[in-house]
Each structure stands twice: as C-alpha cells, then as structure tokens.
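2 protein chains.
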Amino acid sequence: MAAAVAEASTSKAYDELTGKLRELDALNGISGLLGWDELVMMPEGAVGSRGAQKSALAGVLYDKRTDKQLGGLLQQLKAAAGELDPVQAAVVRDASRSYTRETAVPKELAQRIAKLETDAYVAWVAARKESNFSKFAPFLQQWVDVNKQKAAAIDPAAPAYDVLLDDYEKGMTSARLDEIFAEVRKGLVPLLAELREKGSPPDDAWLAGSYSLDTQAALCREVALALGFDTNNGRLDVSVHPFTGGSHPTDVRMTTRFKEGDLTEGLTGAIHETGHALYEQGRNLGKEWEGLPVNSALSMGIHESQSLFWERMVGLSQPFAEWLLPLVSKHFPEFPKRSAADFYAAENVIKSPSLIRVEADEVTYPLHIILRYEIERGLIDGTIKVEDVPTIWNQKMKDYLGTAPEDDAKGCLQDVHWSAGLFGYFPTYSLGAMYACQIYEHAKQQLPELEQQVAAGNFTPLREWLNEHIHRKGSLHPSGDALMTAVTGNALQPQVFLAYLRSKYSKLYKLS
Amino acid sequence: MAAAVAEASTSKAYDELTGKLRELDALNGISGLLGWDELVMMPEGAVGSRGAQKSALAGVLYDKRTDKQLGGLLQQLKAAAGELDPVQAAVVRDASRSYTRETAVPKELAQRIAKLETDAYVAWVAARKESNFSKFAPFLQQWVDVNKQKAAAIDPAAPAYDVLLDDYEKGMTSARLDEIFAEVRKGLVPLLAELREKGSPPDDAWLAGSYSLDTQAALCREVALALGFDTNNGRLDVSVHPFTGGSHPTDVRMTTRFKEGDLTEGLTGAIHETGHALYEQGRNLGKEWEGLPVNSALSMGIHESQSLFWERMVGLSQPFAEWLLPLVSKHFPEFPKRSAADFYAAENVIKSPSLIRVEADEVTYPLHIILRYEIERGLIDGTIKVEDVPTIWNQKMKDYLGTAPEDDAKGCLQDVHWSAGLFGYFPTYSLGAMYACQIYEHAKQQLPELEQQVAAGNFTPLREWLNEHIHRKGSLHPSGDALMTAVTGNALQPQVFLAYLRSKYSKLYKLS
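Chains Y and Z, in that order, are what the protein sequence lines are.
Per UniProt numbering, the first sequence starts with residue 1, numbered consecutively.
Per UniProt numbering, the second sequence starts with residue 1, numbered consecutively.
Only chain Y is shown next, with the shape it has when bound in the complex (with noise of 0.2 Å):
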C-alpha cells in the first residue's frame, strides 16, 4: 500500500516534471527561430529590436530553468529513482544537471560573465586587428578568472576544467581528453611528417575553375536531398556563414554558402550541415521522449559526429566520388573529364602549411586542436600563465604541425572562441572526428554492401542504421563514450582513427 502510494506520486511527480521540461523546450526552440531568422531573413535595422526580444526571452528561460518547484520535482525524483523506467532516469538526470548548473552560478558572477561576452570580443576584434596579443591579454585573463569561479560554484570537488568541459561534452574528463589526445599526436605528427617528406601530393589544380553560384546552390540541394534532408520538416537557404538551426525536429533549419572560386568547400559544407540536420531530424518523436531533454542532442562531440561522418567518412570516399562525378558533370557540363579516382584523391589533399584551423584537412585539424586543448587547460589548472599563450603557441604549432605563423593574428588570436569565454569547446570537435570515423568502420561491418550502396547513390541503408542506433537516441547514454560502446562495442579508440589516416593516406599519397 505504502509503495502504490509512493509510485503513484512518484507518476504525478513525473508528470509535473515533464510539463514544465515540455514548456522550456517549446520556449528553447522559439530561441532557436530567432537565432535562424536574425543570420538568415532579419532586416539589418533590426538588430537593436532584435537584442530586446532575445533578452526579454531569455530572462524568461531563467526563470523557468531556475523555477524552485522544478528543482522540488527533480529533489523527489532523483530519491525515487528505483521506480524511474531508463528513458525517464535519463530525462530526470540530465534536467538535474541543467537545473544544478544553471542555479549553481551567483547573479553577479553571471552579470560579469555577461559583460565579459560583449567586452572581450570587442576587444579580441580589435587586437586581432593589429595583431598585438597584449591587447587582448587582460580579457583572456578575466575569462580564466570567472571560469574557475564559475566551476567551483557548480562543483567545487572536480578539477574546474572538467566542469566546464561537461557544458559541451558531457562525460567527458580531462584525463579522458589527455590520454585520447595523447595517443592522437603521438601517431598523427610522424605520419604528418612522413608524408610530407616522403609522399607524393595527389594534383588538384585541376579542380580549379570558376563555378556560378546558383548552380553550386542547385547541385548542394540535390546532395542534400539525395543523402535524405526532409524540406517537409525543414529548410535550405544561403546565408553567410553556414549552419544547421531550427526550432524543433520538424523544423529544421540548414544553410550553405557558396564561393565561386571553390566547389569542393561549398561541397563539403552542405554535406557537413546535412549531417547536422539529418541528426536532429531523426530525432524520436515518441511520446516519452517528444520535447524532454532525452531527446536533446547527446553531446556537441556527438553532434560533430554526425556532421563529419556525412562529410568526411561519406562524403570524401572514394565510393561517394564515384556518385558524384556524374551530378557534377550533369550541373556544370565543362567540368574536366576525369576518373572518380582522381576526383577523389584532389578533393583530399593535405593542405601546407597548415596555420588556420578552419581551413584544415582531416590530417592536419586534430593536432591544432590537441595545441588549444593543452593551453586552454594550462591556462584554466595555473600551469600556463596568459602572457605566456602567444610563445608556447607557435613552439607547439613548429613541434606538431611544423609550421610557426608570422604574427599572432594567424596564430592565438585566429579563433573567436576564448573571446566568447569558451574553454572545453575546442576538443569537441576532434572527438567529433574520432567518433565518426569509428562509427563508420563499424557501420561498414553491419552493412557489408555499405561501400556499393553509396557508390550507387543509395543512402537509404546507411541513414536508417545511424537513425536507429545514434539519432533516436538522443542523450538516452550518459557521455558519448557510453553510446560509442552501445553503437560499436567499444568506448572511443583514437587507434582506430590513427590506422584509417595511415591507411587512407598511405594510398593517397603513395607511401611505399
């Protein structure tokens, strides 16, 4: 009797929960439609009318995140949890992690945090500009400085960069990322070496040529469609910078961007934000899971995944070339004459030097980042001290990647990230990478036609396998080393990554 009746509250006490976790989620994805439309429709004037309602509404997300009645829910459930089915102990456990980070930080802190936003990266405009680091310097520091105050507030017994590393990979930890990333540069600068020295570059100048824009849009759009983006539950348009937004899974919002002089960038980018999209809009829209933080996108690692896997596993093979070709012969008819082989081989050219991390290839892209991950955590453990950032900067770029920038506005000052106080961010998106790539080389076992489908334009297969096991998960696993077991059997192994370049590479650039 007495436990019908607690379960019968416990029941009522979900049923609160969920309501208030569904009214957060509708108001989350009107912030979403505004973020879409402010980059994308947004008349310039605007921008001031704009700030308001972005403002008024996130005092209204405050205060409904930080409600004391959810956080009474969440104390009596969380005392409950033997009752809780595994899909409802994941909502009330990522709600309590949301609901303690988000009551965790003082309002000073926060209104300092605030300030700091707008002020640093005004600042790192500005001293990018001139390229003088000093100038920047001071705001670097008070990010350092209201990051470790704002760890300690929410957990004052971890080391403080692995609480600000879960706002962006949840589960995650620095030993983890030392001991990922470690194996990572120890096998990726010889081979980078090695193949520099003794490899013999595929020839992509041929790729070169001026390619309309509009017809770029139209083949991107086909792409899309092809690899299955639904415009019944989203949209395409062109916009500067590209990106996947939207306002729920059913509206999902992608967007590229073309540049005449380069078809395989804008390729590549409507391929990695379909990747983006095809992950929210396979997202379970049961009625357990609709609208609960289940079914939020696990990790910005996860998502990456997603995104790379489409655009790099897929969308840089060789199978997928031999798709391709065809539809870029049939939208620019004077495109060159020449085999999937070679098509493939000079869209995957390694680019050198390698200085600017948004401009580098799959090779070269985990070791800048490996660089910022150690300073990022020098600088938030004391072992790195701000001043130091612009020196330990280009020796670590001339030790990993072989290359030291001229000035610091190629070198620390090239990424708008610390400016907006973001520290974890960076190794997201070399997890990203590890993720897909180990992802794929299993999906390759469970689909032996895998490689044939592709080359046929069939990828159907391929997104319903990644659909079943990955999108309509959502954050049902705790940490994507707990969905990459539940995927492949095995947390992530940087090893797996290591021999798919070697091998990818070795062939490519014919190591003997």
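No wet-lab data here; the hints were simulated from the structure.
Do not take every clue at face value.
One copy or two, it doesn't matter: identical chains are merged, so the pair holds either way.
To be verified - Calculated pairs, DSSO-like style, for lysine-lysine (alpha carbon to alpha carbon, straight line, at most 30 Å):
hint : residue 1 : residue 2
1    : K12       : K107
2    : K330      : K396
3    : K107      : K287
4    : K78       : K510
5    : K259      : K444
6    : K330      : K287
7    : K148      : K64
8    : K385      : K410
9    : K115      : K12
10   : K54       : K68
11   : K54       : K12
12   : K68       : K78
13   : K115      : K287
14   : K68       : K20
15   : K115      : K64
Put chain Z on the given structure of chain Y with help from the hints.
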C-alpha cells in the same frame, strides 16, 4: 516636501511600469515573428511543434499581462494622474485598459472561448462547404453567448456590443456607429442605384490578359519602394494571403500575392500592404515612446485607413495612374497603349452584382459592412435570433445591394470572422475607408501640389505629412475620432466620404 516625495515615487513607479511594458512589447514582437514565419517560411511538418511554441509563449504573455505587480503600479499611477505628461498619461490609460480587459475574463470562460475558436471554425468550414447554415448555427449561438458573458465581465454597465467593439476600435460606440452608418447607407444606396441605372460603365475589358507572376512581383516591389517601403527595416516576400506583420517598427514584413489573370488585384494588394507597412515603419522610436502602448497602432480602423489611403485615395486616383502607366509598360512591354485616363477608369469599374465582400469595390463595400454590423449588433443585443440570420442577410442584400445570394455559402457563411467570434471587427473596414478619405481631402488642402507630386512619382511630401500627423502619433489620442479631430479639425464626417464617391463615380460613369 510631501509633493516632491510623491513625485519621486510616481516617477519610480512609472519607470517600473515601462520596464514591464517594454518586456511585454518585446515578447509580443516575438509572437509577431512566429506568426509571420508560420505563414511565410515554416515547413509543413512543423505545424504541431509551432502550436506548442505559440501556446508556451501565450502562457508567458498571459502571466505577465495579468501580473499583480503590474496592476498595483497602474493603480498607483492612475491615482497620480496629475503628475503625468500627455505621453505618460496615454501609456497609463492604455496599459490600464489592457490590464482590465485581460484580468476581467474568468479562467473558465477563457478556456471555453479557446475551445470554441477551434470547434466553431471547423463547423464553419463544413457548413460553408455544404452551404448549410444550420450546421454552423449552434456555434454562432455559443459565440453570441460567450461574447455577452465576456463583455459583462469587462464592463457590466456598457452595452455589450460596445465592449466588444472596443477590442478593435477603441473609443467607438454603437450609438456613434448607428449615426455614421445610417448616413452612409442613406447616401450610398441611391448612388449605387443611379450608377447602375443611368451610368455608363468604363471599359475595362482591355485590361484582361496574362501577366507573368515574377514580372508582377518585380513591378510591385518597385511600386512599394517608390511609395517609401524601407527594406532596411523590413522585408517583402510572397505568401498565399497578402498581409503585413513582423516583430517591431524596425522589422516590418509585408507579403504580396499575384494571379496570372489579374494585374489590378496584385497591384492594389501590394499598395494596400505598403500602406499598412508605412504606418508600422513610421512609428515614433524616441526614448519616451519606444516599446510602450502609446506607440501602438491606434486601432484597426486607423490601421486600415493607412492601407486604404494608399490603395484607394492615392493608388486608384488619376494622378497615380499617370505615374504608374509607364512603369507597367516598362515591366510589360506588350501592355496596351492606352491613356492614363483609360487606365484610371478601367481600374475603378464597380463590380456587379456585388455578392462577396472581399471582391467588392469602394462603392459597394460599405454596404456589405453595414449589413454585417446591423446583424451582429442585433445578435448581441438580442433583437436578432441566430436562426433568422440567413433570411435577414438575404433581405438586406436585396435592399442595400439590389441582389441576393443563391445560397448561404455565398451569403451569410462567406466570411470567417463570426466563426472566430469576432464581433465588432467588420465596422473597422469601412471606418478605415472613411478615415482615409477625410485625411486625403485634408492633405490636398495642406499640400497644394499633392496631385502633381503623385503624378510625378514624388510621394515623399505626402508620406512625411502622414508620418508627422498620424504614424508617429501612435496611440496618443484616445480614439479614431480624436485623431481625426487633431489631424483634420473634425471628427469622422461620413458626408466627406459620400461626396468623394458621388463626385468620382459621377464623372467615371458619366452621370448628367
């Protein structure tokens, strides 16, 4: 000393009030953006998730609009009315009015109204499809009942119809409407009969043709920009139903629609929406006004006066035809070579028989409105029974317009308004037409070169005059009549409208 303390406390209360009102304005702006997006951009699959978003935002808005602290501040400021300047007084007046209306309706009644909005619409669609009024009658009866209850909750001392009317045309009463509409009917019924019996309709057959939709869109875009639509503070898109929405005076979004077989409809529609948009974009963005109720549109009638001002008073005038004709020929080189006088005459042909309100011209339109006003007023004050609506409708059609519909689908079921419970909305269409006419006649006196300027495509002096006297005044005046008095020296005078129609159509129809 006591007075100074009182003033300080009033000024503090006013600041608190405006903080709350500006937050509400920002959230209302978001609501406007959601509405625009739904009609212009949203993918079909997102209908359900958008519903949840709108409902969550509506809940937030309701809580903030009925917030007890807001009520307390308004109470305090009404008591200190003597210390407020005219702008502040208008803010407190309109905010109090909204607060009273929002808080008066009991929750149970609000829920019945929300349910009826869905049920009655579904019933109306089905009834109209079958042309079977009896299927809609029970829902119309429920709307009459709940609207009377709503009116009694808001102000039991005032006639129920006046309380409802106040939602759309504040400061207007049924006594005043009786007076206005009786005069219009008395003048218009014989004028229409005379034009039909003795007039020679101008030739408009030569306007028939096939006009490419893209070219119409380009032409109308050029017209909207020439009239002064500002794309730095707005957007112009194509949608299924033309409308003007957006989120703020700096973010005004108008849409147009075109039919291949009808050049005039697309043009007048685009000019109509431009008029609405200019009113919105022209609002006062000074510190004292911005984001406050004093800066809202005064009423639906005044909003409609601005669209009809440009559509009819300017857009369907002979000087405008002189400017427009070469522009039409530029976009459509095969357009017949006729005079501006012929073009003007062809655009102004009276539709006959006039059965459908939305297809009516400026002579017959007011009679459609008067008929609806008389019926809906009778329903609310109990002098007309729901079951008698079709008979009364058809009789009034014969009496006022000389024709009766063959069935209810083309008769009393033609409009969506009553299915949505909108009683008091119809009159604003014709009030708008009359306001527009009186403003135009006055503007001609104030701007002696007006017609030459219009013929030359110089719309700036007129737009600036409207901006100064109407757009920037927002809701400073308590009613349409008060604004008309401030602008033209007189409250609304239906005889000005009647004289305009008689003079214009006597010439067009060659009455002796």
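To see whether the hints hold, each was checked on the structure:
Taking the shortest Cα distances, K12 and K107 sit within 30 Å of each other only across copies (24 Å), while inside one copy they are farther apart (32 Å). In this assembly of identical chains, the alpha carbons of K330 and K396 never lie at most 30 Å apart, being 45 Å within a copy and 64 Å across copies at closest. When the C-alpha separation of K107 and K287 is checked against a cutoff of 30 Å, the pair qualifies only between copies, where the shortest distance is 28 Å, while the shortest distance within a copy is 36 Å. Proximity of K78 and K510 under a CA criterion of 30 Å is satisfied in neither setting, with 58 Å inside one chain copy and 85 Å between copies.
When the C-alpha separation of K259 and K444 is checked against a cutoff of 30 Å, the pair qualifies neither within a copy, at 34 Å, nor between copies, at 53 Å. For the homomeric pair K330 and K287, neither the shortest alpha-carbon distance inside one copy (44 Å) nor that between copies (57 Å) is at most 30 Å. Only within a single protomer do K148 and K64 lie at most 30 Å apart by alpha-carbon distance; the minimum there is 26 Å, versus 36 Å between protomers. In the homo-oligomer, the alpha carbons of K385 and K410 lie at most 30 Å apart inside one protomer (20 Å), although the nearest pairing across protomers, at 80 Å, exceeds that limit.
Taking CA atoms no more than 30 Å apart as the test, K115 paired with K12 passes between copies only; the shortest distance there is 26 Å, against 41 Å inside one copy. In this assembly of identical chains, K54 and K68 lie within 30 Å of each other by CA distance both inside one copy and across copies; the values are 23 Å within and 24 Å between. For a Cα distance limit of 30 Å, the shortest separation of K54 from K12 across copies, 25 Å, qualifies, whereas the shortest one inside one copy, 33 Å, does not. Taking identical chains as interchangeable, the C-alpha atoms of K68 and K78 lie at most 30 Å apart only when both belong to the same chain, with a minimum of 15 Å there against 34 Å between chains.
With identical chains, the CA atoms of K115 and K287 are at most 30 Å apart between copies only, with a shortest distance of 23 Å across copies and 40 Å within one. In the homo-oligomer, the alpha carbons of K68 and K20 lie at most 30 Å apart both inside one protomer (12 Å) and across protomers (22 Å), since each shortest distance falls under that limit. Taking the shortest Cα distances, K115 and K64 sit within 30 Å of each other both inside one copy (22 Å) and across copies (27 Å).
Checked against the numbered hints above, the structure violates hints 2, 4, 5 and 6; every other hint is satisfied.
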